[in-house]
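> As you go down the protein sequences, you meet chains A and B in turn. Residue numbers for the first sequence follow the working numbering, beginning at -17 and rising by one. Residue numbers for the second sequence follow the working numbering, beginning at 1110 and rising by one.
Calculated directly from the structure, the hints in this document are not laboratory data. All C-beta atoms, glycine included, are put in the ideal place defined by N, C-alpha and C. Check before you lean on any hint, since a few could be wrong.
To be verified - Heads up, incomplete: computed chain A residues facing chain B, CB under 8 Å, no partners named:
1) Gly74
2) Gln174
3) Glu176
To be verified - Each computed EDC-like pair below joins lysine to aspartate or glutamate, with the alpha-carbon atoms no more than 20 Å apart:
4) A/Lys237 <-> A/Asp225
5) A/Lys300 <-> B/Asp1255
6) A/Lys281 <-> B/Glu1197
7) A/Lys278 <-> B/Asp1255
8) A/Lys300 <-> B/Asp1258
9) A/Lys244 <-> A/Asp285
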Amino acid sequence: MYSQGLIGADGSTHETQEFLDRFQARIDAEQKIEPTDAMPEGYRRTLVRQIGQHAHSEIVGMLPEGNWITRAPTLRRKAALLAKVQDEGGHGLYLYSAAETLGVSREEMTEELLSGKAKYSSIFNYPTLSWADIGTIGWLVDGAAIMNQIPLCRCSFGPYARAMIRVCKEESFHQRQGYEIVMTLAQGTPEQKEMAQDSLNRWWWPSIMMFGPHDADSQHSDQSMAWKIKRFSNDELRQKFIDATVPQAEYLGLKIPDPDLKWNEEKGGYDHGPIDWSEFWRVVKGHGPMARDRIKDRKAAWDNGAWVREAALAHAEKRRARKMAAE
Amino acid sequence: MAVYQALLELADDNLVLGHRLSEWCGHAPMLEEDLAMPNMALDLIGTARVLYDRAAALEGKGQSEDDMAFLRGEREYRNCLLVERPNEDFAQTMLRQLYFAAFMKPFWDAALNGTDEVVRGVAGKAAKEMAYHIRHAGEWVIRLGDGTDESAARMRDAVFALSIYVDELFESSAAAAEAEAAGVLPKRADMRPAFDAVIAQVFTEALLEAPSVDYPQTGGRDGRHGEGLGHMLAEMQSLYRAHPGARW
């Protein structure tokens, strides 16, 4: 999903060659760039965009999973799902803070999300239609996120890299938890097994689209790779994900919905069938099945909460004034 | 009446309120509250689980915590009316939380001296949790009560809407009376001074007046609920009931 954060990123920059060379030398020496360091404007802009979109993805991602909190089938599952969705919110908070170190406020980023200017991962524009989707999201969506995020722990920008270390630990836990949900269903009643297969059928292709366009069609990768914001190409990460996931599905006795999927001995990985890029671009451009609902929900939460935020500010101001008067 | 039914009442209070809080998830007024409310919900649901488990053991019919939570209908739920009140707005949600925690904090403190080891274990953990629920919800009641004109008006509306459910907190059902006599749980009526002290302190800072309630609403312990609980349970129990006997 975080490769999608680079879609539309403007990495163009106007500094002197000498400045750019010095900056690149630091990057090449694997030095971390910190918020107060001088950096090319294109580097800053690219990171603000990517980290902001990553944060938005965490926040919007709370909605499809939150859709099942009130219907979780056992108290144990309910508590685990609540904790998981809370983790996602925590990741959002972390990431907004990392982006804020680059001089953009959480309010500005939120307004860009609500106006549609900033994007979030395409995956969250699909609906969660059964309990199995909660397992599948953990297994596939968090699994794909981990593939993207492990390399981000070594991203050249210090605050983002450090945030990713904690995020990855939690995502890895979510991924196992999700797989365990799907496993329980796959070993359950025929209806539960069907629920699991149906869920895999619906989430497989959107999950592998999370890695973004093929390398040949990915315009912004080169500069991001040189700046070490990105460490592996979209196709490399997608391949790793597929190779890791296929045996997991086989173990569950579930069928991946790709008739062309087969082991390629020569490359030591799986070949997969063609991805429907028209669907991908449709969803990325804001026409996914749940796109309008997601933004409507986030906007409602923001608008309905305005009076609370205003009251908190007003109260803080009153306290400050009283304290001043008392001194 | 039996002691296990008194534990069921307590478990229902915690689950229903935890569920109500969880309904906010993803829709809170700010990200910090999107983290705080699930946190409080998790405390309450965690407490409910241990109590259901203990109630089931004392009942001795081999029911699981999930059977208790998902297979009883609204007439069988024994929660007090306060906890089932709908979220409405953030003011009502925070006041509901403050009322509940201000009651439960001294209740769990006192339950630490009870005769049931499991209940004592729950009490030790829950008393600490209720202390920070009081702090969190209390701070919001103060901010909103002494914030803007709009927030103050909403806070007054919340007091009007919820104060009629407060007295029921202090009533002991026949089952609770039995648990109290057995020394398992403290007497609910004894919590009044501690509750009043917390509410008075918060309301003073929040510029709120505690209304006198001439006609308190009660009946939850007899399964006489408001109309909202049935909808909440219908949603909560739908999946579990649709697949009898399935493991999840």
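> Now tell me if each hint is right for this structure.
Quick rundown of the hints versus the structure:
1. Gly74: A/Gly74 check passes; min Cβ-Cβ to chain B is 6 Å, inside 8 Å.
2. Gln174: With a minimum Cβ separation of about 6 Å from chain B (threshold 8 Å), the hint on A/Gln174 holds.
3. Glu176: This hint is violated: A/Glu176 lies away from chain B, its Cβ roughly 12 Å from the closest one there, beyond 8 Å.
4. A/Lys237 <-> A/Asp225: holds (14 Å)
5. A/Lys300 <-> B/Asp1255: Within the cut-off at roughly 8 Å; holds.
6. A/Lys281 <-> B/Glu1197: Between A/Lys281 and B/Glu1197 the Cα gap is close to 18 Å, so the pair holds against 20 Å.
7. A/Lys278 <-> B/Asp1255: At roughly 30 Å apart (the allowed maximum being 20 Å), B/Asp1255 and A/Lys278 break the hint.
8. A/Lys300 <-> B/Asp1258: holds (13 Å)
9. A/Lys244 <-> A/Asp285: Outside the cut-off at roughly 49 Å; violated.
In this structure, the hints that do not hold are numbers 3, 7 and 9, in rising order.
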